[in-house]
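Asks: Sequence:
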Amino acid sequence: MSTTTPTPSALDAEALYRKLAQQVKAGLQGAPNVALVGIHSGGAWLAERLADELKLGERLGFIDVSFYRDDFAEKGLRSDVKPSQIPFDVEGATIVLIDDVLYTGRTTRAAVNELFDYGRPARVLLAALVDRGGRELPIAADFLAETVTLSKQENLQLQRADDGRFSLTVVHA
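Residue numbering for the sequence shown follows full-length UniProt numbering, beginning at 1 and increasing consecutively.
Keep in mind the hints are simulated off the structure, nothing from the lab. All clues given are correct.
Here are the simulated distance ranges between beta carbons:
(1) S167 to E53: 18 to 28 Å
(2) G119 to D12: 29 to 39 Å
(3) D142 to K82: 21 to 31 Å
(4) N155 to V81: 15 to 25 Å
Cβ coordinates follow ideal geometry from the N, Cα and C atoms, glycine included.
Using the sequences provided together with the hints, build the complete structure.
Replies: Given below as structure tokens:
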């Protein structure tokens, strides 16, 4: 991680992706039965690209945590809900759960809950492109490209262009 926190507008999503990919590759050397699971939508995009690089296309899954969130009753169902797809055996696997922005930890908790509905992995590791702080649960990334500070009125959103390149945008609520 950096010793200085960059301003959110100065974040180069492509450079952050390369940094995260390097960490994941190094951290998984020698790990048995590896699979990647991306959290829709930004984490799914990162997972797809990482699966290509690691040649894990058949060990790639996606989770949409909408029904597993503890604030489901409060926030309701988003209109862009996608089906979760875990096309491999989770039992005994080393799973890398991938998200774009780590914030309160509630999305990660919901993803882990859903993942265990598919079986009991041997290990679950968390990879995140950016940690924006503000944790409400004791969750930390095993692989992390950058840490930034944002106000509660700001959100960091990952976009994927038609050519597959990533960018990050700060959105004011």
